[in-house]
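Peer 1: Residues per chain, in single letters:
There are 4 protein chains.
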Amino acid sequence: MFKRILLAGNGKKFFVKDIEKDFHCQYGFVAAAELRKRSGTVKTNTGVSLAIVQPQFIDLYSRIKRGPQIVGQKDVGAIIAETGVGKNSIVVDAGGGSGALCMFLAHLCKKVVTYELREDFVKILEENKKSLGLKNIVIKNKDIYEGIAEKNVDLVTLDLPEPWKAIPAVEKALVSGGFLVSYSPSIPQVSDFVEAIRKSSLIWVKTKEVLERKWEFEERKIRPFTQMLGHTGFLTICRKM
Amino acid sequence: MFKRILLAGNGKKFFVKDIEKDFHCQYGFVAAAELRKRSGTVKTNTGVSLAIVQPQFIDLYSRIKRGPQIVGQKDVGAIIAETGVGKNSIVVDAGGGSGALCMFLAHLCKKVVTYELREDFVKILEENKKSLGLKNIVIKNKDIYEGIAEKNVDLVTLDLPEPWKAIPAVEKALVSGGFLVSYSPSIPQVSDFVEAIRKSSLIWVKTKEVLERKWEFEERKIRPFTQMLGHTGFLTICRKM
Amino acid sequence: MFKRILLAGNGKKFFVKDIEKDFHCQYGFVAAAELRKRSGTVKTNTGVSLAIVQPQFIDLYSRIKRGPQIVGQKDVGAIIAETGVGKNSIVVDAGGGSGALCMFLAHLCKKVVTYELREDFVKILEENKKSLGLKNIVIKNKDIYEGIAEKNVDLVTLDLPEPWKAIPAVEKALVSGGFLVSYSPSIPQVSDFVEAIRKSSLIWVKTKEVLERKWEFEERKIRPFTQMLGHTGFLTICRKM
Amino acid sequence: MFKRILLAGNGKKFFVKDIEKDFHCQYGFVAAAELRKRSGTVKTNTGVSLAIVQPQFIDLYSRIKRGPQIVGQKDVGAIIAETGVGKNSIVVDAGGGSGALCMFLAHLCKKVVTYELREDFVKILEENKKSLGLKNIVIKNKDIYEGIAEKNVDLVTLDLPEPWKAIPAVEKALVSGGFLVSYSPSIPQVSDFVEAIRKSSLIWVKTKEVLERKWEFEERKIRPFTQMLGHTGFLTICRKM
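Chains as they are written, first to last, in the numbering used here: chain W, 14 to 254; chain R, 14 to 254; chain L, 14 to 254; chain Y, 14 to 254.
Since the hints were derived computationally from the structure, they do not count as laboratory data. Predicted model, so just to flag it, every value in this text is computed and none were measured. Certain hints may be false.
Given that identical chains are not distinguished, each listed pair holds provided it fits within a single copy or across any two copies.
Listed below are the simulated DSBU-like cross-link pairs for lysine-lysine, each with C-alpha atoms no more than 35 Å apart in a straight line [said to hold, decoys possible]:
| # | residue 1 | residue 2 |
| --- | --- | --- |
| 1 | K234 | K221 |
| 2 | K56 | K178 |
| 3 | K221 | K87 |
| 4 | K56 | K100 |
| 5 | K87 | K34 |
| 6 | K219 | K26 |
| 7 | K221 | K155 |
| 8 | K50 | K153 |
| 9 | K227 | K34 |
| 10 | K123 | K219 |
| 11 | K143 | K212 |
The following block holds chain W by itself, in its conformation from the complex:
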């Protein structure tokens, strides 16, 4: 887990893991004694000033290991806003690979249990959990299609190729009023999932996609950026009622 961020005037960032020893970078080194500061500025031995900041969750989060495809931050935000999970919520997660969604939810909720079949992903999950200092994540090297041991779960999140296979397990695990959110990149997956939900005891609330548009503000150059992320995935929100 990173303990400090050092910022040069040109925007360059250095992440410091160990504040018990001097930190070396292209501008020389910063003495360990200086690294204990949580804010303000420090000087390298060559006289360069660097801003020092104690990293926030979001800084550490931006540095976790990621698999080829993760649930992006805009979609994580939508899941939280749609379901209203919070400090007392119990969440079950599956298929998230490196666990970007799982980690973010653990930061906000009481407990997250994540089901992951692949052992290489289990290792990444363990690493990410450790580097974020999250103690409330339980990683199970199990197949969620075969059942969810937890009961009275407030939210189940799925990022799976065949999410409909998890519905029977989810039906039993969710508390009354609890949510199921499935993330899928393609329409036929969503369509099959919505159909399966309609045959289940759960209710289909909505399917949506979230688009994010960033803007440039440089004097009179005020306009959306030319490049835009055109698509990540569709979020399907269901509920036990």
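With chain W's structure known, arrange chains R, L and Y on it following the hints.
Peer 2: For chains R, L and Y alone, coordinates are given in the frame of chain W:
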């Protein structure tokens, strides 16, 4: 605060405040003893079955009093995802009127202090706080432009017509690494705000808008809905570094 | 066909069909002699000034009879821009109902032949053709699935529930290098159509949707409009190569 | 101007300028006699089959010289759809650099007069005009801010850094009912232009942006493409009434 939701087969919802006495609705009444159930079904005296659910935060949240213009859920989600505030965060909020954003953040964070000049809005804030059962909101009938008493704040959120006037107060209140997010519906406001940020000690991280597209799934009628919310506001994210 | 538009100061428009006789409106009447002007202003007998304009194609087009669902102007523009049809192009069209697309293309191209099975739509097509003064439209009360009599066609446009049924006829009708554009509101239709194209001698070029966002400019109120048309249809562009 | 396109089975395209002599490519050469075909297939001397197609306007258009920033096809389509210009329309264009918009409009309209101050762009315009075989374009090496010689113009299109400076000239040039469309990438330009229009004799009709979303259809991989063009420019449509 609502204690139960009753759901008829046709999707109709009834919100029950008092479970100590019988609840009357168009299908007859449900006896108080039945209302104590947290899930399953109850029957009215006329024999109609209703599902009974203990409301989750998001249900109560959907019923709070709202002013003419609030920060919508998609934007609330984006603020949380961009800043990573969580259980230990201290938030200061201003200008949110009825407090939709303030309430959501209080649900997730340690404490929210909200500055609101208008007394009519202070009353609505008090009501909403009560109906959501949130104890960690401090409502101040004060002008945030004149200063923020809190220190080491992790996030300040502004929904103000002249957000640049709050920058000096925010600079002092934020912890190193802390965030300022301003929500504005129009470009000239955003432009003036970004310019003021550039003259301040804060860093402009990004300005973005979030678009949400809902989809229909009815057999082969799989397509985005015809009507779409085309715009709410721009989110400008800044940071103390 | 309308011959003149009269514009009141408040933006109110009156469409004049007959300039051989006086035109009566809520502001009195305008004498026939005055209506012969093609621009400038005219006065009613009560002394009200009205701007007089000779209608352009787009004004007449905005007044044609429309069925429940037509190919909107943004999609018409995309079809023209993608295919580059022009003064010498021969177009075959089917399923357009009231013919909004057919009329626009006839305005630009050499000739449009439109296939329409329903007799009520044939009548509307005749009316619209007449009111726009377009002489280069041939309306056939025939089923395009059964064949296209025209050869060396530059563009075929389809707005049909089962567009794949027209592919064999289109393959024979198109000139080498010619285009087929199919407009469908739902994904499964598009998907089935793309699959059928891949089994045909035609090439799938692209499938796209066009979104249009209108902006408000009122002093500092500079922002996208709140309401937006979220979806009309998908355009699938194919080519004979 | 290209006379033929040769297509290999792998999608590779070769553009042939001269059909009077053999054409050499990586698959050997195609004899001149064969190149006179307008469709079907030809064989190279090494026995490779290539489809032969007579290029359509859109093929030639895709190969014209382009400056750093041009009005893209989606915006060209929107201009045509909004204004309804056609075979009889007279258009004046300015600031288009390499003339992508000017060329497309000339393909559809009676005549386009384009004002271009920079001599290097005038040369590119001449080349593009020639390679597209368009005879109805008049290129004037003049400043449109100083006046438009044409009268009764149906459409003026501007792609200029200070489009408001052209308004007095446009007011005189447009026919009653005629259109002015200005293309600008940034909001402050649009804002200043709309304000100037409001002080002129022209009417502001609308300002809009056009977004295009392309879709992937590969078996069950049916979804929007990840990359999307997030922004080109804003179109402001005005009219003389």
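Peer 1: Could you run down the list of hints and mark each one as holding or not?
Peer 2: Each hint tested on the structure:
In this homomeric assembly, K234 and K221 come within 35 Å of each other (Cα to Cα) both inside a single copy, at 32 Å, and across copies, at 15 Å. Taking the shortest alpha-carbon separations for K56 and K178, only the inter-copy value of 33 Å comes in at or below 35 Å, while the best intra-copy value is 57 Å. Taking CA atoms no more than 35 Å apart as the test, K221 paired with K87 passes in both settings, with 12 Å inside one copy and 11 Å between copies. With identical chains, the CA atoms of K56 and K100 are at most 35 Å apart between copies only, with a shortest distance of 33 Å across copies and 40 Å within one.
When the C-alpha separation of K87 and K34 is checked against a cutoff of 35 Å, the pair qualifies neither within a copy, at 37 Å, nor between copies, at 44 Å. In the homo-oligomer, the alpha carbons of K219 and K26 lie at most 35 Å apart only across protomers (17 Å), although the nearest pairing inside one protomer, at 40 Å, exceeds that limit. In the homo-oligomer, the alpha carbons of K221 and K155 lie at most 35 Å apart inside one protomer (29 Å), although the nearest pairing across protomers, at 39 Å, exceeds that limit. Proximity of K50 and K153 under a CA criterion of 35 Å is satisfied inter-copy only: 32 Å between copies versus 38 Å inside one chain copy.
Taking the shortest Cα distances, K227 and K34 never come within 35 Å of each other, neither inside one copy (40 Å) nor across copies (52 Å). Taking identical chains as interchangeable, the C-alpha atoms of K123 and K219 lie at most 35 Å apart whether they share a chain (26 Å) or sit on different chains (31 Å). Proximity of K143 to K212 under the C-alpha cut-off of 35 Å is found in neither arrangement, the shortest distances being 40 Å within a copy and 39 Å between copies.
Hints 5, 9, 11, counting from the list given before, are not met by this structure.
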